[in-house]
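Number of protein chains: 2
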Amino acid sequence: MDREGPGAPLERHVLKTRLFQPGPVPVPDRVRLAMAQALPHHRTAAFQPTFEACRLGLKRVFQTDQPVVMLASTGTGGMDAAVSNLLSPGDHALVIRGGKFGERWAEICARYDVRTTCIDVEWGSGADPQAVKAALDANPDIRAVYLQASETSTGASHPVREIADLVHRRDDCVIVVDGITAVGVYDLPMDKWGLDVVVSGSQKSFMLPPGLAFVALSERAQRFMKEARCPRFYFDLAGELGVIEGNQSAWTPAISLLMGLEESLKIILDEEGLEGTWARTEQIAHATREAMRAIGLDLVAPDSPSAALTAVFVPDGIEGPKLRAYLRDELGINVAEGQGKFKGKIFRIAHLGYYDRFDAITAVAAVEMALSALGFSGKTGEGVVKATELLRG
Amino acid sequence: MDREGPGAPLERHVLKTRLFQPGPVPVPDRVRLAMAQALPHHRTAAFQPTFEACRLGLKRVFQTDQPVVMLASTGTGGMDAAVSNLLSPGDHALVIRGGKFGERWAEICARYDVRTTCIDVEWGSGADPQAVKAALDANPDIRAVYLQASETSTGASHPVREIADLVHRRDDCVIVVDGITAVGVYDLPMDKWGLDVVVSGSQKSFMLPPGLAFVALSERAQRFMKEARCPRFYFDLAGELGVIEGNQSAWTPAISLLMGLEESLKIILDEEGLEGTWARTEQIAHATREAMRAIGLDLVAPDSPSAALTAVFVPDGIEGPKLRAYLRDELGINVAEGQGKFKGKIFRIAHLGYYDRFDAITAVAAVEMALSALGFSGKTGEGVVKATELLRG
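Residue numbers (our numbering), protein chains in the order written: chain A, 8 to 400; chain B, 8 to 400.
Hints in this document: simulated from the structure, not taken from any laboratory.
Because the structure is a prediction, the values reported are computed rather than measured.
Among the clues, some could well be false.
Under the rule of at most 35 Å between Cα atoms (straight-line distance), these lysine-lysine pairs were calculated in the DSBU-like manner [claimed, not checked]:
#1 B:Lys233 <-> A:Lys107
#2 B:Lys66 <-> A:Lys23
#3 B:Lys273 <-> A:Lys23
#4 B:Lys352 <-> B:Lys140
#5 A:Lys233 <-> B:Lys233
Some chain B residues flagged as far from chain A (calculated, every beta-carbon gap over 12 Å) [said to hold, decoys possible]:
#6 Ala41
#7 Leu63
#8 Glu269
Cβ coordinates follow ideal geometry from the N, Cα and C atoms, glycine included.
When you get a sec, could you build the whole thing from the sequences and use the hints?
Right, here's the structure in full:
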């Protein structure tokens with residue numbers, strides 16, 4: 008595209024790139040500078056305070072007294088570990104499948120010869136606890152229930168607490184929660200709700216580059232690990248649990264990312280506070296949802312939205328890829344596209360992590376400008392008015 | 008330790024910490040600054056040049072036309088993948104076991120129910136190709152031979168080329184090389200020698216923090232992958248191979264580390280040149296070995312030394328832990344300790360990666376100062392003379 012001439016954008020020489028995808032999210036300068044320090048060796052005393060700050064800080068973010076293992080992998084590696092460490096080939100698992108990441112649980116189980124019963128939830132909806140109850144009642148051999156807290160492909164959240172209560176009517180079943188875009192985003196109290204495994208990753212609410220997975224394990228999950236016969240080596244969590252209290256990892260840790268995590272946990276826990284982080288994220292999410300409604304757009308998950316991100320249907324008469332391209336090339340605004348069956352049909356705006364009110368207003372204003380430029384017949388301008396009103400403070 | 012008073016070291020207020028362990032090695036400032044830049048999203052055009060530079064640059068460092076997969080994990084994850092992607096439960100593998108990392112190959116195979124025949128090599132020695140030939144002849148069902156190029160726990164190198172020639176007398180067998188401390192350290196031409204899988208990691212010759220594994224795969228290895236039934240999901244290399252030519256990874260890549268890799272590959276390939284890197288490393292390694300001999304110390308791998316590091320026996324009358332503690336606490340010099348059966352008995356000085364002649368002289372001088380302080384009865388001073396003489400240029 009010729010970016011000079013009368014039709015070129017105002018900022019053509021200084022176009023700022025802004026990421027609004029649900030991971031990787033922007034990394035604060037101070038976190039990037041923390042990661043740019045000279046590396047200590049991981050088996051020396053110099054690194055122990057960093058490891059310990061991460062180990063203890065993660066427990067607070069996960070709201071658990073149980074260990075939270077840090078793995079050098081992305082969140083998908085943590086999901087893999089949450090299957091191979093808990094189950095044996097032939098075991099029966101229940102999977103809540105309401106988007107691309109629900110599908111991923113089923114795929115991982117299939118790779119390990121774990122039998123699955125899947126509850127297919129309409130994309131954009133939250134799971135119905137009654138369907139979970141019926142599946143558990145009909146299949147007494149189900150040993151684990153896998154679900155997302157926040158389904159990143161649709162922006163919907165599932166009723167984790169209610170499902171956990173159902174799972175815990177049985178002693179021989181664990182609930183495993185993909186909290187990759189939920190932990191640190193909104194209240195998901197692992198111990199209080201009795202969640203057995205909660206997985207997350209660095210490039211979400213933790214405001215870090217990708218490369219770290221976190222896996223928190225209840226005592227029940229740790230018991231399951233002793234029986235589980237799916238093969239694993241790199242992701243063998245028993246090896247990690249054996250050394251974590253001594254501030255060590257079984258393999259070499261991703262040292263620079265842990266140096267960044269120490270810094271980002273200071274922001275989350277000591278400065279803003281976990282409740283403050285949740286409140287900020289929720290306020291931005293709420294304002295964005297209401298702004299999209301004010302423009303007349305339809306939300307993908309109107310009834311059970313996750314505060315992590317807002318997914319929005321591309322309106323009739325507008326082509327999804329053109330909308331994303333305009334936002335990206337003309338305005339420097341990167342929103343996420345739809346995945347799987349939603350490809351080309353929706354766009355997604357992230358709220359989790361390092362975002363403030365003006366980022367949200369920017370995203371809304373950009374969507375309005377792009378829609379307007381592409382011939383959207385609805386009303387624009389209402390969105391940014393609504394967002395500003397709701398974010399006045 | 009009270010670091011003030013007459014016995015305190017000269018540098019007590021500005022003690023510089025120097026890492027001489029074989030990974031993580033020091034990261035050049037320009038590489039750390041590259042990683043400190045704002046992150047692009049990995050599915051955008053902005054990131055493609057970085058991914059492509061890494062993808063193509065790695066082929067040159069591995070000396071292969073075959074794909075080199077980049078995984079968000081440490082090198083051990085790459086080793087795990089090199090078993091689970093090539094073999095099926097019940098398959099038979101030959102493992103060269105001459106140190107802690109040889110043992111690791113056998114442990115990984117055991118986890119996946121791969122049967123192993125192990126050739127136990129005295130720690131510090133290189134494997135005898137005749138023993139490999141005998142084992143292959145006696146076991147016609149061996150499908151894969153696993154070994155280290157450079158055994159980091161002893162500082163010994165194995166005769167990879169000779170063993171590759173033996174393996175390739177058969178069509179149905181692959182050779183899998185842990186090149187974690189060999190790739191980019193010395194000449195290990197994958198295609199020319201017909202190596203089927205070569206594994207490496209970021210925190211070695213690539214001068215990066217830990218968190219990236221590299222796995223290069225020959226056509227034969229890629230054929231084996233199609234038959235291999237060991238379960239894998241996160242480490243499924245077929246998923247990576249399916250998208251790598253389009254400059255994508257199956258899962259989210261460790262973006263910041265790839266930004267650093269792009270920069271470090273510029274140093275290795277465009278500035279120093281691969282041969283220059285090998286020559287620098289070898290000269291430093293040679294000088295260090297000769298300096299240790301000049302002090303009267305015994306090398307762990309005198310006959311088949313790897314240029315990656317030099318392992319040295321702690322002399323009689325000196326306690327290994329005290330030597331390492333003095334080096335670390337009084338002099339700021341971090342050498343690696345012995346692992347496994349060598350714990351407390353040896354120390355190891357790294358040469359691979361971002362080291363120059365004065366680093367080597369520093370390491371030698373520090374060892375002499377520490378030995379002298381701890382009452383070593385041998386001659387000191389000869390080491391630094393020898394190193395300086397050999398590194399005069």
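- Task: Tell me, in ascending order, the numbers of any earlier hints that this structure violates.
- Result: 6
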